[in-house]
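The task is simple: from the sequences and hints, build the whole structure.
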Amino acid sequence: MTLSKNDITKISKLARIATNEEEISKNIEELNGIFNWIEQLQEVDTENIKPMAGVGESTLRTRDDVINDGNIKDKVLSNGPDVAYGCYSVPKVVE
Amino acid sequence: MSSLIELSLKEAKSGLENKDFTALELTDSYIKNCEDSKSLNIFITETFDLAREQAKESDKKYQSGQGNNARALEGIPVGVKDLFCTKGVLTTAASNILNNFVPEYESTVTSKLFANGAVMIGKTNLDEFAMGSANITSHYGNVINPWKGEEGADLVPGGSSGGSAAVVAAKCSLGSLGTDTGGSIRQPAAFTGTVGIKPTYGRCSRWGTVAFASSLDQAGVFARNVTDASLLLQSISGYDEKDSTSVNKEVPDWCANLSSDIKGMKIGIPKEYRQGKDGGDDLPEEIIKVWEQGIEWLKDAGAEIVDISLPNTKYALPAYYIIAPAEASSNLSRYDGVRFGHRTKEDISSLDDMYEKTRAEGFGTEVKRRIMIGTYVLSHGYYDAYYIKAQKVRTLVANDFRNAFKDVDAILTPTTPSAAFKVGAKMSNVEMYMNDVFTVPASLAGLPGISVPTSLNKDGLPLGLQILGKPWDEQTILNVGSAIEKAACFELSPK
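Here the protein sequences come in this chain order: V and H.
Following this note's numbering, the numbering of the first sequence begins with 1 at its first residue and continues without gaps.
Following this note's numbering, the numbering of the second sequence begins with 96 at its first residue and continues without gaps.
Hints were generated in silico from the structure; no laboratory data involved.
These numbers come from a predicted model, not from an experiment.
Ideal Cβ positions, reconstructed from N, Cα and C, are used throughout, including at glycine.
Just so you know, not all the hints are guaranteed correct.
[Said to hold, decoys possible] Simulated coverage check for chain H against chain V, where a stretch passes if three residues somewhere in it have a Cβ under 8 Å from a Cβ of chain V:
#1 166–178
#2 253–263
#3 338–345
#4 424–436
#5 490–504
#6 521–527
[Said to hold, decoys possible] Facing chain V, from chain H, some residues (calculated, C-beta under 10 Å):
#7 Glu199
#8 Val401
#9 Ser404
#10 Asn407
#11 Thr453
#12 Val472
#13 Lys487
#14 Leu542
#15 Pro566
Below you can see the structure in the form of structure tokens.
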């Protein structure tokens, strides 16, 4: 498998990372180098092997659905880059 | 009082209890040494004022007689990896995207550290978002290893917890907190001649730790010796309902039960760990020698050496480089310039444009690379071929260990395939990733691992051995580590 310029552009878009021509051509080389090495996984026989998502138990704990936190609006907003009227402010989304 | 920094954690604690010196004097000695060690770039944020305040509080406890034995780390200066959220103290993950992030809350492990009376000397430098093996990807510059290469050449301290390793090696603190996702405690410990331990996955809470790869991330500690490491680890371990993967198990008193008596213990030696950086049978002679020496030491201590096979070892690292970036690409999607962290100041045409510019400016090259890998392997059409395939290989790697531990109590391997290398050494991405070839397999399986310094190589640089244990059996690896430490008599002291 070889990643093309189009692939890199598409991945950058999906990852929401702006990129430029210079970075794209550098990425083609580097990512292909890494994926060529990763390709060796294909030689492992994984027929009937279950995928492992994590180390722990497969079911997560539950707790009673009660409020155990809250009334900390100022704390929640304290690191916001643009905060107004108790809300995060973002560029216009709906035309 | 510069000699105070020569004391081990245990010695310093009893000095404080006997009122030989005050916690403030101890802290000031360390601050002085930190100031003399600035060229190592150990800290992203120094917290000397906070440290002095905390030390004064500890002194009040000692003076009123409450300090003795009550809190295990009362007045002990510790470095904290800048990946742990600390209330009111800048927490950056070594990234430009968090260059202004001041948490409103305290991570569980640092809460525990402070509840045990520790003094925080500073937030230590690391690879950006813990992604790296040489501490050369930090937005805040490289950390320099206190150990020097030929003609005084600057060496890397390893990574990602490079600052946390260097702070202990340079005697700028008595211990430190780090995190280990694929080797980020054990590998830098080996490169700096320190003891580094990563406990079983689920032993320490991940709450308030900036996430990299959630199914692998685990907090741990660095110290000057195994005893100090056991004490530090014990004080940050334990169940936390705020972390869904934290496991509700009692934390044993590892320190009290520490023993170098390993008579009759079965130690596995995996033949697959003879591969070197190139993946072939090219493990350097000096590493083989240290490993064989370790085997002899354990034999002399009465352990039984058992040859074992972990056949899927070779595939652990490529599987890791699918799984960890996949989880990272998901975790790091939260950095969007909306709720916290950096937001672009450039003109923007849309919300997406804001995201893209913010993230392009905020993330460094290695982090972007891993987000790209992760995004790709999780994308439509590649998910099964890469991500699910890697998860299946992870099962095989974990099964290898499960089978091996039917016959042995612990496994002994080299920690790294080389000693610390020069800052600026030319290597490809994959060659850099190979630094973690011996640490990653146990991470995939969630097992506890410790690196203990053993000796110096021909260039005078420290080398370490890794001991891996069964899940929840930190005691055994600490004890085997203690036996190795006793036999090695390693003198920790960069010139």
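> Taking a Cβ-to-Cβ distance below 8 Å as contact, does the segment 490–504 of chain H have at least three residues touching chain V?
Replying inline: Our answer is that it holds, as 3 residues pass the Cβ test (under 8 Å) against chain V, meeting three.
> Would the stated hint for H:Asn407 survive a check requiring a Cβ distance to chain V of less than 10 Å?
Replying inline: holds (7 Å)
> Counting residues of the segment 424–436 of chain H with a beta carbon closer than 8 Å to any beta carbon of chain V, are there 3 or more?
Replying inline: holds (count 8)
> In terms of beta carbon proximity below 8 Å, does the segment 166–178 of chain H have 3 or more residues touching chain V?
Replying inline: It is violated: at least three residues are needed, and the segment 166–178 of chain H offers just 0 whose Cβ sits closer than 8 Å to chain V.
> If you take the shortest Cβ to Cβ gap from H:Val401 to chain V, is it below 10 Å?
Replying inline: Violated, about 25 Å.
> Can the hint on H:Glu199 be confirmed by a CB-to-CB distance to chain V that is less than 10 Å?
Replying inline: holds (4 Å)
> Does the segment 338–345 of chain H contain three or more residues whose Cβ lies closer than 8 Å to a Cβ of chain V?
Replying inline: Per the Cβ count (3), the hint holds.
> Can we keep the H:Ser404 interface hint, with Cβ of chain V closer than 10 Å?
Replying inline: violated (16 Å)
> Under the criterion of a CB-CB separation shorter than 10 Å, is H:Thr453 in contact with chain V as hinted?
Replying inline: Cβ of H:Thr453 sits 9 Å from chain V, so the hint holds.
> For the segment 253–263 of chain H, do three or more residues have a beta carbon lying closer than 8 Å to a beta carbon of chain V?
Replying inline: This one is violated; 0 residues, fewer than the three required, reach chain V with a Cβ under 8 Å.
>> Is the interface hint satisfied for H:Pro566? The criterion is a beta-carbon contact with chain V at less than 10 Å.
In response: Constraint on H:Pro566 satisfied, holds at 8 Å.
> Taking 10 Å as the limit, does the beta-carbon of H:Val472 come near enough to a beta-carbon in chain V?
Replying inline: holds (9 Å)
Hint compliance for this structure: hints 1, 2, 8 and 9 are not met, and every other hint is.
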